[in-house]
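Chains A and B are the protein sequences, given in the same order.
Going by the working numbering, the final residue of the first sequence carries number 330, and the count climbs one at a time with no gaps.
Going by the working numbering, the final residue of the second sequence carries number 402, and the count climbs one at a time with no gaps.
A few of these clues could be false.
One side of the interface only, derived from the structure: several residues of chain A facing chain B at Cβ under 8 Å [claimed, not checked]:
id	residue
1	241
2	244
3	260
4	265
DSBU-like, lysine-lysine: derived pairs with alpha carbons at most 30 Å apart [unchecked claim]:
id	chain 1	residue 1	chain 2	residue 2
5	B	371	A	317
6	A	266	A	317
7	B	370	A	317
8	A	266	A	285
9	A	317	A	285
10	A	317	A	278
Which stretches of chain A does chain B cover? Using the computed rule of at least three CB atoms under 8 Å from a CB of chain B, they are [said to hold, decoys possible]:
id	stretch
11	249 to 259
12	319 to 329
It should be emphasised that the hints constitute simulated quantities derived from the structure, not laboratory data.
Don't be surprised by glycine CBs; every beta carbon is placed ideally from N, CA and C.
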Amino acid sequence: AQSVTQPDIHITVSEGASLELRCNYSYGATPYLFWYVQSPGQGLQLLLKYFSGDTLVQGIKGFEAEFKRSQSSFNLRKPSVHWSDAAEYFCAVGAGGAQKLVFGQGTRLTINP
Amino acid sequence: SQTIHQWPATLVQPVGSPLSLECTVEGTSNPNLYWYRQAAGRGLQLLFYSVGIGQISSEVPQNLSASRPQDRQFILSSKKLLLSDSGFYLCAWKHSQETQYFGPGTRLLVL
């Protein structure tokens, strides 16, 4: 069965610092991979996605992610975080014919001023 | 462009009461539709998905049911709510581009 692990439940970084959120997946075939962001009380917004091709994917708000098949990872990065990046971040893998999404438990990001 | 609506935004219901949450999508046809639940401090759990009118697949056995009476309408229901039904309910749609897009969510509190 497909699964996604986000090892860090909560991360705190200073504004302007770099960020890396970890995501590991388990899937038998070539995965469709996604990162979503959720502000408190809101729905999920797509940051970026990987289907095939270039393993370094650029997304919105200055985020990028790198697909590493050998490590079954799809880590999210940002070179310099802003206070507005404080939110919950979810990694997901697309699975099944209807492309059901399996989500990780999420990583809550706090930004120190 | 496509938009997805959910209502109500917030709902407080007593235990044992019925439930009906609605999700509608505009600007597309024949989408796949999904209901997720997010419990406090937890990830998202897929409850139901639908690939067409009247076609519902359930992912977990529970107190809830779903229906799709129209192409772009997806309804989540319960005959008798439990305390454990409290949570944040998210609807999503997907078309051929393989990406799911989420609605704003409904916060349900069962007392």
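Hints versus structure:
The interface hint given for residue 241(A) is broken, as the beta carbon of that residue sits about 14 Å from the closest beta carbon of chain B, more than 8 Å. At a threshold of 8 Å, the smallest CB-CB gap from residue 244(A) to chain B is about 14 Å, leaving the interface hint violated. Given the 8 Å rule on beta carbons, the hint for residue 260(A) holds: about 4 Å separates it from the nearest Cβ of chain B. The interface hint given for residue 265(A) is violated, since its Cβ lies 10 Å from the closest Cβ of chain B, which is over the 8 Å cut-off.
In summary, the hint linking residue 371(B) to residue 317(A) is supported, as the alpha carbons are separated by about 27 Å, within the 30 Å threshold. Distance hint between residue 266(A) and residue 317(A) is fulfilled; the C-alpha atoms sit about 15 Å from each other, no more than 30 Å. The hinted pair formed by residue 370(B) and residue 317(A) meets the criterion: a straight-line CA distance of about 26 Å does not exceed 30 Å. A C-alpha spacing of about 14 Å is found between residue 266(A) and residue 285(A), which places the hinted pair at or below 30 Å, so the restraint holds.
Restraint check: the Cα-Cα separation between residue 317(A) and residue 285(A) comes to about 22 Å, which is no more than 30 Å; the hinted pair holds. At roughly 26 Å between alpha-carbon atoms, residue 317(A) and residue 278(A) fall within 30 Å of each other, so this suggested pair holds. With 5 residues carrying a beta carbon less than 8 Å from a beta carbon of chain B, the stretch 249 to 259 of chain A meets the three-residue requirement, and the given coverage holds. Note: the stretch 319 to 329 of chain A has 5 residues with beta-carbon separation from chain B under 8 Å; the three-residue rule is met and the coverage holds.
Violated hints for the displayed structure, listed by number in ascending order: 1, 2 and 4.
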